[in-house]
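Enquirer: The residues making up each chain are set out below.
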Amino acid sequence: MVKHYLDFEKPLMVLEREYEELQRFAPRNDPKVSARIERLEKMIAKEREDIYAQLSPWQRTHLSRHIDRPHTLDYIHLIFEDFMELHGDRGFMDDPAIVGGFARLEGETVVVVGHQKGRDVKDMGYRNFGMSHPEGYRKALRIMELAARFKKPIITMIDTPGAYPGVGAEERGQAGAIARNLREMASFPVPIIVVVIGEGGSGGALAIGVGDKILMLENAIYSVISPEGCAAILWRDGSKGSLAAEALKMTAADLLRLGIIDEIIPEPLGGAHRDYHVVAAHVKEAVVRNLGALKDVPEEKLLADRYKLFRRMGTFQEK
Amino acid sequence: MTWFKKKETPSQADKSADVLWSKCNACQEIIYKKELERNFSVCPKCNYHFPIKAQERIAVVADEGTFTEFDSTLAPVDSLMFRDLKKYSERIAEAQQKTGLRDAFITGRCEINRLPAMVGVFDFDFLGGSLGSVVGEKIARMVEKAIDEKMAAIIFTSSGGARMQEGIFSLMQMAKTSAALSLLRRERLPYISVLTDPTLGGVTASFGMLGDVIVAEPGAMIGFAGPRVIKATIKADLPPGFQRAEYLLQHGVIDLIVGRRTLKATLGKLLGFLYQ
Chain A
1 MVKHYLDFEK PLMVLEREYE ELQRFAPRND PKVSARIERL EKMIAKERED IYAQLSPWQR
61 THLSRHIDRP HTLDYIHLIF EDFMELHGDR GFMDDPAIVG GFARLEGETV VVVGHQKGRD
121 VKDMGYRNFG MSHPEGYRKA LRIMELAARF KKPIITMIDT PGAYPGVGAE ERGQAGAIAR
181 NLREMASFPV PIIVVVIGEG GSGGALAIGV GDKILMLENA IYSVISPEGC AAILWRDGSK
241 GSLAAEALKM TAADLLRLGI IDEIIPEPLG GAHRDYHVVA AHVKEAVVRN LGALKDVPEE
301 KLLADRYKLF RRMGTFQEK
Chain B
1001 MTWFKKKETP SQADKSADVL WSKCNACQEI IYKKELERNF SVCPKCNYHF PIKAQERIAV
1061 VADEGTFTEF DSTLAPVDSL MFRDLKKYSE RIAEAQQKTG LRDAFITGRC EINRLPAMVG
1121 VFDFDFLGGS LGSVVGEKIA RMVEKAIDEK MAAIIFTSSG GARMQEGIFS LMQMAKTSAA
1181 LSLLRRERLP YISVLTDPTL GGVTASFGML GDVIVAEPGA MIGFAGPRVI KATIKADLPP
1241 GFQRAEYLLQ HGVIDLIVGR RTLKATLGKL LGFLYQ
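As they're listed, the protein sequences go chains A and B. Each residue of the first sequence is one higher than the one before, starting from 1 at the first, in my numbering. Each residue of the second sequence is one higher than the one before, starting from 1001 at the first, in my numbering.
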């Protein structure tokens, strides 16, 4: 059962709620009820098709941030075995906005790192809405360095509005923490698979986003700036987010076309939150397949190919 | 003193005065322009460092006549057909008209007190020195050249951050330039970054903060998030001097603050230390 509906899903909500109520409370053998249920099923199917077939970038933005959307730890528990979370940057604190550690994927040891958002009010505050301080990036780096040293593949999951813009974050070197991750991830001699699972917000997302294969869920977004932030600056009106979302080309389909990502991972109709198991199975399949393809690539070629991947990003002319 | 202030419009006389005199943005002192130029565009009274053009920056640090520019024909394209209140293509054309540059970054080889280096310099006047594909490509190329010719790389930043009109391509320049610098590092070649006012966003969070030695100009605003964003997020006033070079030095974020008058000597000295 879906707990939270987005504005554009309201017509669907009415139907699904009635359907669920009939299922739960109406007498089973009443032919009138059965007829209504049957009719509702058809209406719901059609409504879903209508709503989700042509989602706008702005609607996807909301889906990517959906409060019930599976987060990094949900995927970790559904995809991996034996996850052991590691903590702390060894300098200042443990940043709960990023999680990471060892796990097993089909028997093989891997290292997983991802942004972690909260689900209820308290948890959201604890996770700082998935907005990391420098310590989060330093923790991620530390855990990934373990992977590099002990030759384990790295899987990262991106889901953040961005790096946290605060006084302490700046004082403790937010920019430098992100920068060092970019530089070091470019040189780790192990396969790195990046999965954009929700919100890919700017430098704070990219800080765990340098890898050999960049995968992205169907309704995830990945952008240089949030559409609201972009609208506030370029349109001088923060409420013009829908226009900015169109212009920024931040959906999975756009980014595949632009050559930024390698693959789109399909979600259940209506979004990842409608079926955790289905979407996790899709993510697992894609990660296992891509890791398999990288497994026997010699170190030098792996690094050269990773360099080439980012080296060619950008558009310009020479005249 | 009058009770009502008249709205002043600049007269013809004022305009001609502008050619000869400048007013300091910090202490409001009226400075004779020739004197300001002789003083590397630093206020002789309060040490305020005026913003300078990329070419002027090169003149400040490079031995005379040693600078050779690279990749001067690289120019931006509007591949996303980005349009906000104005088309990106129009913004490019206007910036090119205004600055005489193709994009916000100049690269080349030069000597600094007889020591060779690859240098890259931002020009803030071109779309706020924003980090677009051309800037990223020029940095990647200059770093690769530094590796080929076994030289140091020095980048002088002044930038508001990402070029939003290039969307995800702009973001990816952070990864691209940092990846190039990882190769330079592997070759044990020095990289010095010189941060000038202002250096923000993705520029700070990539090559800006990756210097083996990080130098900043006095008073420069340096950060990841801009002060307005931070203020809006934390809903409180920011500490005095926050995100200024002096504040960052105190917090251990940068190595040195160097005034423009001694910048060349300092860079020469650093190269002397770093070159084997």
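Any given hint could be a false lead.
Stated by the list, open to error - Quick list of simulated restraints, FRET-style, between CB atoms:
1. H277(A) with G1241(B): 35 to 41 Å
2. A1093(B) with G259(A): 22 to 28 Å
3. E285(A) with D1063(B): 58 to 64 Å
4. G1241(B) with D237(A): 30 to 36 Å
5. D237(A) with E1149(B): 46 to 52 Å
6. Q1096(B) with D123(A): 37 to 43 Å
Unchecked claim - If you want the ones that stay clear, here's a sample from chain B, every Cβ over 12 Å from chain A, calculated:
7. R1083
8. D1125
9. L1200
10. R1228
I should point out that these hints are in silico values taken from the structure, not numbers from a laboratory. For every residue, glycine included, the Cβ atom is placed at its ideal position computed from N, Cα and C.
Enquirer: Take the hints in turn and mark each one as holding or not.
Expert: Now for the hints, and whether the structure bears them out:
1. Checked against the hint of 35 to 41 Å, the pair H277(A) and G1241(B) fails, with Cβ atoms roughly 53 Å apart.
2. The hinted window of 22 to 28 Å between A1093(B) and G259(A) holds, with their beta carbons roughly 26 Å apart.
3. One distance hint, 58 to 64 Å for the beta-carbon pair E285(A) and D1063(B), holds here, with the actual separation near 59 Å.
4. Look at G1241(B) against D237(A): about 32 Å separates their beta carbons, and that is inside 30 to 36 Å.
5. Distance hint check: the CB atoms of D237(A) and E1149(B) are about 49 Å apart, consistent with the given range 46 to 52 Å.
6. Range check, Q1096(B) to D123(A): about 50 Å between beta-carbon atoms, so the 37 to 43 Å window is missed.
7. At roughly 7 Å, the least C-beta separation between R1083(B) and chain A is not larger than 12 Å, which violates its mark as non-interface.
8. The non-interface label for D1125(B) is consistent with chain A: the shortest C-beta to C-beta separation is roughly 18 Å, beyond 12 Å.
9. Taking the minimum C-beta to C-beta distance to chain A, about 9 Å, the non-interface status of L1200(B) is violated against the 12 Å cut.
10. Not every CB of chain A is more than 12 Å from the CB of R1228(B) (nearest about 10 Å), against its label as outside the interface.
Checked against the numbered hints given earlier, this structure breaks hints 1, 6, 7, 9 and 10; the rest are met.
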